[in-house]
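Participant: Start from chain S and add chain C according to the hints.
There are 2 protein chains.
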Amino acid sequence: MSFKSGLLAGVFALGLFSTPALAQDAATIAAAETLRDQALNDNIAYEYTRDVTTLFGPRPAGADTDHAAAAWAADWMRAHGFENVRVETFPLVGWNRGAESVEIVGVGAQKLSAAALGHSIATPAEGIEAEIVHFTSLDALNAAPVGSLNGKIAVVDAGQMPRTRDGSGYGPLSRVRSQGPKAAKDRGAVAFVMRSAGSDHHRMPHTGTTGYHDGVVPLPSFALSAPDADQVARLVAAGQPIRMKLFSSASTYETHSQNVIGEIRGATRPDEVIVLGSHMDSWDLGTGAIDDAAGGGITLATAKIIADAGRPARTIRVVLYGAEEVAQPTDHGNGGGAYVRNIGAEIEKHIIAGESDLGADNIYDLGLPPGTQNSEFAQKALAVLAPLGIAAGGEERFGGVDIAPLARNGVPVFGLSQDATRYFDLHHTADDTFDKIDPVQMRQNVAAWVALVKLIADSEVDFRAIAAANTASIASN
Amino acid sequence: MSFKSGLLAGVFALGLFSTPALAQDAATIAAAETLRDQALNDNIAYEYTRDVTTLFGPRPAGADTDHAAAAWAADWMRAHGFENVRVETFPLVGWNRGAESVEIVGVGAQKLSAAALGHSIATPAEGIEAEIVHFTSLDALNAAPVGSLNGKIAVVDAGQMPRTRDGSGYGPLSRVRSQGPKAAKDRGAVAFVMRSAGSDHHRMPHTGTTGYHDGVVPLPSFALSAPDADQVARLVAAGQPIRMKLFSSASTYETHSQNVIGEIRGATRPDEVIVLGSHMDSWDLGTGAIDDAAGGGITLATAKIIADAGRPARTIRVVLYGAEEVAQPTDHGNGGGAYVRNIGAEIEKHIIAGESDLGADNIYDLGLPPGTQNSEFAQKALAVLAPLGIAAGGEERFGGVDIAPLARNGVPVFGLSQDATRYFDLHHTADDTFDKIDPVQMRQNVAAWVALVKLIADSEVDFRAIAAANTASIASN
Numbered sequence: 036m037s038f039k040s041g042l043l044a045g046v047f048a049l050g051l052f053s054t055p056a057l058a059q060d061a062a063t064i065a066a067a068e069t070l071r072d073q074a075l076n077d078n079i080a081y082e083y084t085r086d087v088t089t090l091f092g093p094r095p096a097g098a099d100t101d102h103a104a105a106a107w108a109a110d111w112m113r114a115h116g117f118e119n120v121r122v123e124t125f126p127l128v129g130w131n132r133g134a135e136s137v138e139i140v141g142v143g144a145q146k147l148s149a150a151a152l153g154h155s156i157a158t159p160a161e162g163i164e165a166e167i168v169h170f171t172s173l174d175a176l177n178a179a180p181v182g183s184l185n186g187k188i189a190v191v192d193a194g195q196m197p198r199t200r201d202g203s204g205y206g207p208l209s210r211v212r213s214q215g216p217k218a219a220k221d222r223g224a225v226a227f228v229m230r231s232a233g234s235d236h237h238r239m240p241h242t243g244t245t246g247y248h249d250g251v252v253p254l255p256s257f258a259l260s261a262p263d264a265d266q267v268a269r270l271v272a273a274g275q276p277i278r279m280k281l282f283s284s285a286s287t288y289e290t291h292s293q294n295v296i297g298e299i300r301g302a303t304r305p306d307e308v309i310v311l312g313s314h315m316d317s318w319d320l321g322t323g324a325i326d327d328a329a330g331g332g333i334t335l336a337t338a339k340i341i342a343d344a345g346r347p348a349r350t351i352r353v354v355l356y357g358a359e360e361v362a363q364p365t366d367h368g369n370g371g372g373a374y375v376r377n378i379g380a381e382i383e384k385h386i387i388a389g390e391s392d393l394g395a396d397n398i399y400d401l402g403l404p405p406g407t408q409n410s411e412f413a414q415k416a417l418a419v420l421a422p423l424g425i426a427a428g429g430e431e432r433f434g435g436v437d438i439a440p441l442a443r444n445g446v447p448v449f450g451l452s453q454d455a456t457r458y459f460d461l462h463h464t465a466d467d468t469f470d471k472i473d474p475v476q477m478r479q480n481v482a483a484w485v486a487l488v489k490l491i492a493d494s495e496v497d498f499r500a501i502a503a504a505n506t507a508s509i510a511s512n
Numbered sequence: 036m037s038f039k040s041g042l043l044a045g046v047f048a049l050g051l052f053s054t055p056a057l058a059q060d061a062a063t064i065a066a067a068e069t070l071r072d073q074a075l076n077d078n079i080a081y082e083y084t085r086d087v088t089t090l091f092g093p094r095p096a097g098a099d100t101d102h103a104a105a106a107w108a109a110d111w112m113r114a115h116g117f118e119n120v121r122v123e124t125f126p127l128v129g130w131n132r133g134a135e136s137v138e139i140v141g142v143g144a145q146k147l148s149a150a151a152l153g154h155s156i157a158t159p160a161e162g163i164e165a166e167i168v169h170f171t172s173l174d175a176l177n178a179a180p181v182g183s184l185n186g187k188i189a190v191v192d193a194g195q196m197p198r199t200r201d202g203s204g205y206g207p208l209s210r211v212r213s214q215g216p217k218a219a220k221d222r223g224a225v226a227f228v229m230r231s232a233g234s235d236h237h238r239m240p241h242t243g244t245t246g247y248h249d250g251v252v253p254l255p256s257f258a259l260s261a262p263d264a265d266q267v268a269r270l271v272a273a274g275q276p277i278r279m280k281l282f283s284s285a286s287t288y289e290t291h292s293q294n295v296i297g298e299i300r301g302a303t304r305p306d307e308v309i310v311l312g313s314h315m316d317s318w319d320l321g322t323g324a325i326d327d328a329a330g331g332g333i334t335l336a337t338a339k340i341i342a343d344a345g346r347p348a349r350t351i352r353v354v355l356y357g358a359e360e361v362a363q364p365t366d367h368g369n370g371g372g373a374y375v376r377n378i379g380a381e382i383e384k385h386i387i388a389g390e391s392d393l394g395a396d397n398i399y400d401l402g403l404p405p406g407t408q409n410s411e412f413a414q415k416a417l418a419v420l421a422p423l424g425i426a427a428g429g430e431e432r433f434g435g436v437d438i439a440p441l442a443r444n445g446v447p448v449f450g451l452s453q454d455a456t457r458y459f460d461l462h463h464t465a466d467d468t469f470d471k472i473d474p475v476q477m478r479q480n481v482a483a484w485v486a487l488v489k490l491i492a493d494s495e496v497d498f499r500a501i502a503a504a505n506t507a508s509i510a511s512n
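Sequence order for the protein chains is S and C.
Sequential numbering of the first sequence, starting at 36, is according to this note's numbering.
Sequential numbering of the second sequence, starting at 36, is according to this note's numbering.
Okay, chain S solo, but in the shape it has when bound:
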């Protein structure tokens, strides 16, 4: 075991050279390894994911199925030995897609496969028919003069998202989605249409939130599937003006969503809480298997498998957050923010948080909070994770949308990075269904989570103090 430089490396070194600590280390590592290997043969995460996606189908935040799935999940927790199980509701503006259609009229007349972006406003009942102006980047749209799109439909095709393991192609295209409608409206457009932020070549439009302004999405806004975006680009290239007709009867309604919370109380340090997060809500097009029933399955299985082998030292809390997909301003509500508001001062007891929200394909690296990436704990964890093909990743400060409010309030976060190569083929589409879960890779996920969380739960490392000492920015970003 070698030490790399680290501000507080000495803290761990203190324990390393005492024989009782070494023996304890060996026992903890052995326990983590045993649970890891057991998890590789355990299907409970897969079965949970199957059941919640099958019984409730799509679970848009605030819909009846969101409520019913949450109640069912609370029962699931109780039936599987979780303690202090509770459902905490928070108000929400829900969104109903209603009916929708996008078609080319006139030259090249044909129906297109498209979906309104989340919380998109409706068109007039007769639809919107107008000539399109076609842009190949968000920058190009932003460069258009004010007034230049008066009465037109702005179409932004910023190219196909590349498939990458780290999902890094998503950011630029999700910016088109979040910033495009406002930019189009500011220039006079009557509607906004984009190529989906997705990496597949199926007739599967990818929905997702866009930017709210004064509480609403500025324009009726749609995403085309990749083949349809290709089709429009070819028609535009042919040189004649292209007209589209758009229709959406989308509407909003007052409702609520909820966080479902359960825990395995710690045996010796129950007031030190490890939070494992994922989200229950899904987009309405699919059944939200990869996004994010899988995360629920992985984190619930983690706590259960650890608990079945005996109570850990620290408390392991699993939160199935509500309304992650629509997480934006507080007036729309989201589970991560509601959780932090509800726990109040108890946040001080949260020693670390982790989130699973990128499907269920293999985990390939581990990110730990600032100051602990090169620690003795990291060495231990990586030794236990290495047989799963997991290496050291970069320092982790974000964690994910659901636990970002925790991170912004001083809770350190870890990250087990999942292979996202396939993820953005399916993400936010009708194709996000249970058959896309690979049970072998999902078991690898659970094995990694079980091993890591077991090590954290039985460790005495004060991630909070170390992270705080190693960063000045984490609480202020």
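These aren't lab readings, by the way, just hints derived from the structure by calculation.
Just so you know, these numbers come straight off a predicted model, no measurement behind them.
Treat the hints with care, since some could be wrong.
Stated by the list, open to error - The calculated lysine to any residue pairs, modelled on SDA-like cross-linking and capped at a C-alpha distance of 25 Å, are:
1) 384/S <-> 113/S
2) 146/S <-> 128/C
3) 146/S <-> 236/C
4) 280/C <-> 160/C
5) 187/S <-> 113/S
6) 146/S <-> 345/C
7) 384/C <-> 424/C
8) 146/S <-> 217/C
9) 146/S <-> 133/C
10) 146/S <-> 66/C
11) 146/C <-> 156/S
12) 146/S <-> 284/C
13) 146/C <-> 291/S
14) 415/C <-> 66/C
Facilitator: Relative to chain S, chain C alone:
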């Protein structure tokens, strides 16, 4: 060169050992090889496929886009040197899908991804809501007693179609589609729902014709996408009664479709006609790129590339058939039947026919008419095709739906078998779009067609006489 046994092998052997014939052979082979290699660098098939799918989108038989695409294709033929270009119309009962929905109500309530089967009758305006009876095979449905499905929805999930190079998994599942609605109605069912006859795992229902009885489809009939069929099977396995609500506003209308015909007249034996077929119509869900704009591209490119190098001895005729997808009884009309009726006695001049209607992936074998499979001609053709990875296939008697009426009336057929591994992922779905065409494999197709058709066009082999002598059944089946 070796000879295998064959009734008329001696006919070819006569020519083989005379020096002028050998020289002619060598010249013909060289010409075919030159055109083959040229075709490997020619994109005209790809460009035709791109343009017809982009400009007209879906082309359901009898729809405005079917008519417009046919007129455009006739112009395309004229612009590319085809002769005697004509559009021959025939009456047709068209079908409009209208609006449709399939959902589970009650336990497991959720919308499903489904499509009405072709020419399915509408439901009542309020839809049909009923308990389902779930069968795992057509045999199981057929074994249900008359009356046992009274008031129920029959659901047949005969399992997922396997992917195979020869597409052989399609037959059993297309039988579910063609026979299921009548079998369900005979047992009292009020509607029929099946797992799609397809090999993909996307939320893409596969439509297609079912069986007409007394001129109509017996029940409102739908196909579920594979993930949705899985979902229903899981809910059924959970043990509670499952109810579905189905809606379709499908309707029929009187219209016409057409065959688009053009040819390259033969230089020395213009009355010996080689017919190359494909179909212009597509299902309404996709833009019919693999089914079958690609076939149009491949056969048009074949004739054009050969003609550009000089007029062949025999005439090469290209037919873009109408209404292949709905080809069933004559009262619904289809282009293959109309073509044979229109040509009348001229059919005697048709010396051979071939059809391209299985996408555009690599061709792997060649089938020739009865009696010619082991002939000198076959040896020559296989020698020219071998560098493309094409081997000898079995004897060919069917050819395809469009040329089956020719085959039934004594015209020999050849078959260049395409790799169908991907085909039934896309077939009859919204996902049948231009981006699914692999230009490299499409060029291999054109190269094979060009080489083979060039050899046939400049050959003196009387396929018709040989096939007739070698089979008693071809004209009677």
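Participant: Does each hint fit the structure? Answer for all of them.
Facilitator: Evaluated hints:
With a C-alpha separation of about 23 Å, the suggested pairing of residue 384/S with residue 113/S holds against the 25 Å cut-off. Simply put, residue 146/S and residue 128/C have alpha-carbon atoms about 22 Å apart, close enough for the 25 Å limit, and the pair holds. Proposed proximity of residue 146/S and residue 236/C is supported: the alpha carbons are some 23 Å apart, at most 25 Å. With a CA separation close to 12 Å, the supplied pair residue 280/C and residue 160/C stays within the 25 Å bound.
Proposed proximity of residue 187/S and residue 113/S is contradicted: the alpha carbons are some 55 Å apart, above 25 Å. Proximity of residue 146/S to residue 345/C is assessed by CA-CA distance (about 42 Å); at most 25 Å being required, the pair is judged violated. The suggested pairing of residue 384/C with residue 424/C is violated, with an alpha-carbon distance near 32 Å, which exceeds 25 Å. Between residue 146/S and residue 217/C, the direct Cα distance comes to roughly 32 Å. Violation of the 25 Å bound is thereby established for this hinted pair.
For a cut-off of 25 Å, the pair hint linking residue 146/S to residue 133/C stands: about 13 Å separates their Cα positions. The suggested pairing of residue 146/S with residue 66/C is violated, with an alpha-carbon distance near 45 Å, which exceeds 25 Å. Of the supplied pair hints, the one linking residue 146/C and residue 156/S holds, its CA atoms being roughly 22 Å apart against a limit of 25 Å. Restraint check for residue 146/S and residue 284/C: satisfied, since their Cα atoms lie roughly 18 Å apart, inside the 25 Å limit.
Distance restraint check for residue 146/C and residue 291/S: the Cα-Cα separation of roughly 22 Å lies within the 25 Å cut-off, and the hinted pair is therefore satisfied. Restraint check for residue 415/C and residue 66/C: the C-alpha separation of about 12 Å stays at or below 25 Å, so the hint holds.
In terms of the numbered hints stated before, the structure departs from hints 5, 6, 7, 8, 10, listed from lowest to highest.
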